[in-house]
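Heads up: the protein sequence lines correspond to chains A and B, in order. Take 1 as the starting number for the first sequence in this note's numbering and just add one per residue. Take 1 as the starting number for the second sequence in this note's numbering and just add one per residue.
Calculated from the structure, these hints are not laboratory results. Ideal placement from N, C-alpha and C gives every residue a C-beta, glycine not left out. Mixed in with the good hints, there may be bad ones.
[Said to hold, decoys possible] Derived list of chain B stretches under chain A, where covered just means 3 residues or more per stretch with a C-beta under 8 Å from a C-beta of chain A:
1. 48 to 62
2. 68 to 78
3. 82 to 94
4. 105 to 112
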Amino acid sequence: AQKVTQAQTEISVVEKEDVTLDCVYETRDTTYYLFWYKQPPSGELVFLIRRNSFDEQNEISGRYSWNFQKSTSSFNFTITASQVVDSAVYFCALSEWAGANSKLTFGKGITLSVRP
Amino acid sequence: DAGVTQSPTHLIKTRGQQVTLRCSPISGHKSVSWYQQVLGQGPQFIFQYYEKEERGRGNFPDRFSARQFPNYSSELNVNALLLGDSALYLCASSLRGSTATEAFFGQGTRLTVV
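Let the hints inform the model, and build the full structure from the sequences given.
Encoded structure:
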């Protein structure tokens with residue numbers, strides 16, 4: 001069975017601070033995808049990033065970066081120089097590589113508040 | 001281009017009633033998935049349909065059913081509503097049925113059962 005754990009429930013930072021959101025996952029699959037989604041108050045889940053299990057190269061995309069470590073089953077997400085508009089609930093999710101369906105298993109989410 | 005559209009946006013129903021939620025995927029997308037998000041929790045997978053066939057079903061009772069139409073739109077039906085069915089119901093569309101394609105979510109239908 002797949003499982004995603006986001007141990008942090010709420011994080012509050014001041015604008016321009018860097019913030020890292022933690023994610024730990026469990027899966028028996030050897031190939032899989034990992035995702036981060038953002039959910040603003042409007043409710044829509046906004047796709048942020050996706051990594052496959054073959055690629056542990058960490059990357060930076062604008063103010064976003066992620067740290068994928070298979071050895072510790074972690075997929076952490078960092079926002080650099082946070083802004084008030086970053087305030088939202090952030091979900092980490094896990095899915096099979098290319099199975100019969102594209103079921104996403106989500107964590108419970110982390111509520112990020114960025115204060116001006 | 002229009003994104004994923006869901007209707008209605010809000011709904012209040014009484015215990016025991018039945019409800020139908022609707023989803024229109026992004027043009028050209030052939031897969032629709034449904035998720036239930038209870039307050040304070042992450043979304044939970046209910047169903048996925050691809051090319052009008054069920055591709056996956058989550059751990060939900062038979063009171064939950066869905067279908068996909070020839071135009072790839074989808075309906076989620078819930079019978080004999082319980083208070084615990086109160087949640088945000090999210091629809092996601094993707095090009096194909098596999099995870100290789102990115103899923104785009106709608107803004108959801110907030111269902112309140114009283």
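Here's how the hints hold up against the structure:
no. : hint       : in the structure
1   : 48 to 62   : holds (count 5)
2   : 68 to 78   : violated (count 0)
3   : 82 to 94   : holds (count 4)
4   : 105 to 112 : holds (count 5)
Checked against the numbered hints listed earlier, the structure breaks hint 2 alone; every other hint is satisfied.
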